[in-house]
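Novice: Below, each chain spelled out in residue letters.
Protein chains: 2
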Amino acid sequence: MGEPDGRCTIAVDTMGSDLGPTEFVRGLLYATEELGLDCDFKLVGKGRLLERLVKVRDFSIDPSKIQIHHASEVVTMNDKPIQALRKKKDSSMAQAIELLRDDKADAVVSCGNTGALMAGGTLRMRPLDGVDRPALGIIIPSRNKPFVLIDVGAIPDSTPLNLMQNAVFGSNYAKAALGVEKPRVALLTIGTEEGKGNSLVNATHTYLEQINGKVINYAGPIEGFQLFDGDVDVVVCDGFVGNIVLKSSEAVFSFVGETIKEELLRNPKRMLGAALSKTAFKDMKARLSPDQHAGAPLLGLKANILKSHGSSNYIAIANALRIARELVVHDMIDSISSDINQANDLL
Amino acid sequence: MGEPDGRCTIAVDTMGSDLGPTEFVRGLLYATEELGLDCDFKLVGKGRLLERLVKVRDFSIDPSKIQIHHASEVVTMNDKPIQALRKKKDSSMAQAIELLRDDKADAVVSCGNTGALMAGGTLRMRPLDGVDRPALGIIIPSRNKPFVLIDVGAIPDSTPLNLMQNAVFGSNYAKAALGVEKPRVALLTIGTEEGKGNSLVNATHTYLEQINGKVINYAGPIEGFQLFDGDVDVVVCDGFVGNIVLKSSEAVFSFVGETIKEELLRNPKRMLGAALSKTAFKDMKARLSPDQHAGAPLLGLKANILKSHGSSNYIAIANALRIARELVVHDMIDSISSDINQANDLL
Chain F
36 MGEPDGRCTI AVDTMGSDLG PTEFVRGLLY ATEELGLDCD FKLVGKGRLL ERLVKVRDFS
96 IDPSKIQIHH ASEVVTMNDK PIQALRKKKD SSMAQAIELL RDDKADAVVS CGNTGALMAG
156 GTLRMRPLDG VDRPALGIII PSRNKPFVLI DVGAIPDSTP LNLMQNAVFG SNYAKAALGV
216 EKPRVALLTI GTEEGKGNSL VNATHTYLEQ INGKVINYAG PIEGFQLFDG DVDVVVCDGF
276 VGNIVLKSSE AVFSFVGETI KEELLRNPKR MLGAALSKTA FKDMKARLSP DQHAGAPLLG
336 LKANILKSHG SSNYIAIANA LRIARELVVH DMIDSISSDI NQANDLL
Chain Y
36 MGEPDGRCTI AVDTMGSDLG PTEFVRGLLY ATEELGLDCD FKLVGKGRLL ERLVKVRDFS
96 IDPSKIQIHH ASEVVTMNDK PIQALRKKKD SSMAQAIELL RDDKADAVVS CGNTGALMAG
156 GTLRMRPLDG VDRPALGIII PSRNKPFVLI DVGAIPDSTP LNLMQNAVFG SNYAKAALGV
216 EKPRVALLTI GTEEGKGNSL VNATHTYLEQ INGKVINYAG PIEGFQLFDG DVDVVVCDGF
276 VGNIVLKSSE AVFSFVGETI KEELLRNPKR MLGAALSKTA FKDMKARLSP DQHAGAPLLG
336 LKANILKSHG SSNYIAIANA LRIARELVVH DMIDSISSDI NQANDLL
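Same order as they appear, the protein sequences are chains F and Y.
The numbering of the first sequence is the working numbering, which starts it at 36 and goes up by one.
The numbering of the second sequence is the working numbering, which starts it at 36 and goes up by one.
These are computed hints drawn from the structure, not numbers from a lab.
Accuracy of the hints is not assured; some may be wrong.
As the list makes no split between identical chains, a pair holds if one copy fits it or if it spans any two.
What the hints assert, rightly or not - Derived pair list, reagent style EDC-like, types lysine to aspartate or glutamate, alpha-carbon separation capped at 16 angstroms:
| id | residue 1 | residue 2 |
| --- | --- | --- |
| 1 | LYS317 | ASP138 |
| 2 | LYS317 | GLU293 |
| 3 | LYS231 | ASP114 |
| 4 | LYS231 | ASP164 |
| 5 | LYS304 | ASP318 |
Since this is a predicted model, take the numbers as computed values, not measurements.
Bound conformation, chain F alone (with noise of 0.2 angstroms):
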């Protein structure tokens, strides 16, 4: 699909969500209302429930626009993913794959099991040609601008050829759902001890140096310190050092959070600062929240399979649904392909 008109069908995995369906129809709700998608909806989960969620809230768009799909089965958390999927044909995640493969749907958004999901996404609808294994990309905020960290966990024994090609996916990700023209792409290293990168790094280097220019817009290596200045858009590594950035970074936020909490609770008169200055902290939660850039698409394949945090609230649901949108008509699936025959015939 992705029509000339710029419209688009999403085919939305609404069960496996730990806040459930609920929050699903809510996020949709968000989305067309507040945020203005203009997009065709199918809802894949139990049709009664669904049909319920749907009738009581107040949607002003088009009923015709939202479908619902009904699907028996749940893939849990619990799930192994090759098993879910063989197992659970008709579970409302293999059904919306089912809706990607057979050309009715043009992305799909999930809260699901992420390695069903992208087991189910890379058997299903395929690597692109010449991509060696697809990658996860996720939105991060930084000072000034947010930036894509890829990839966070579908390749942990990457290959320089694998980062070469997460750099590839990222730029073209940043492209599609930032908006950034030219996007700046760094490679995350180590670099003021004895040794300067190690031999995964070191090699990926040259390569991106070889696509630099026409490919991408390499900006060099960077290290840890530096990821949150806001000075690139992509920060390629490989899934297993993405993962683990990523959660260590959540986790010295709630760190801080909560110690700074502690404090302020110590006593009467930093409890009427903290009062006072009760917004602030609300401001500062919200400015760095993932929920606006949430959705993260599994890049490389041959269609728009986007992965949302199991917790999303609907805030995050409706961001996952617009960046999902992006993605459709961006095209981004046809630049990719592009990008990487040509990346890989410069190596």
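Start from chain F and add chain Y according to the hints.
Specialist: Just chain Y now, with coordinates in the frame of chain F:
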């Protein structure tokens, strides 16, 4: 040395710090007067300058406990590690290591060029028998208690043997520096996405299970989001991952701090609130400050060589001296030596 009466001599490379030798002498004063550190100190650097700096401070300890060793050269941050040591034989860093080699000191503390210190330490003091490569361990604050992260940059391309040995180093470091009797040792990995761990970590896990209960107390794998939970005493990873985690965590901390500050200064009400709760932020910073546990040892060598951050203030320097003493009086080198032999035999 490492004398039976618990006395110890620390050679201090007073040059190469961003804040200059003055800060080192302030750190020495703080260590002896405030922390009650009972050691002999050999201050290495510009002799006449050091003499003057010591003279003007109000040291109450026996003056013979502070000796000054003149060194005419300084290893700078821009010097290339191996060249620095070959060409600058009379640098404060080389001379401090020489004191260690000649058995005139039990430990070296330096804020200088990490690469040069690591290369110099490894070449002059040699790794212990059975040690493949030495690693850098660092103490990090977390909920409830601090933990050791190892390696933070010495071995960017690690093998499972390196990671197993890091576990042994880290366990002994936690015993000596943090006073933990049976440190809980965890392996940093990823787990929720498609692949669990990478091949390096999976092979290491098998090794750690083999030495569990005999050489270390293995608590199993943990993920990035658990890093600051305070459940374990040692977190093992390769130098590439550890360096990025350390530096990106510091970056998150600064980024969050700056964002809060910006928001607190946005209007007069918030500013008043911030003024009332000012001490909470100060206490939070003190709790999360790395100064209490400064001084990262290069573990696996035949001697105690500790690297403190280039920008260490006097409190950080004093604590690095304190930790150096702990490693000496606990005979950490002997314990590592015997544990490494036992661990190697178990594989």
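Novice: Each hint: holds or not?
Specialist: Consistency of the hints with the structure:
In this homomeric assembly, LYS317 and ASP138 never come within 16 angstroms of each other (Cα to Cα): the closest approach is 42 angstroms inside a single copy and 58 angstroms across copies. For the homomeric pair LYS317 and GLU293, the shortest alpha-carbon distances inside one copy (14 angstroms) and between copies (15 angstroms) are both at most 16 angstroms. In this assembly of identical chains, LYS231 and ASP114 lie within 16 angstroms of each other by CA distance solely across copies; the values are 14 angstroms between and 41 angstroms within a copy. For the homomeric pair LYS231 and ASP164, neither the shortest alpha-carbon distance inside one copy (34 angstroms) nor that between copies (26 angstroms) is at most 16 angstroms.
When the C-alpha separation of LYS304 and ASP318 is checked against a cutoff of 16 angstroms, the pair qualifies only between copies, where the shortest distance is 14 angstroms, while the shortest distance within a copy is 22 angstroms.
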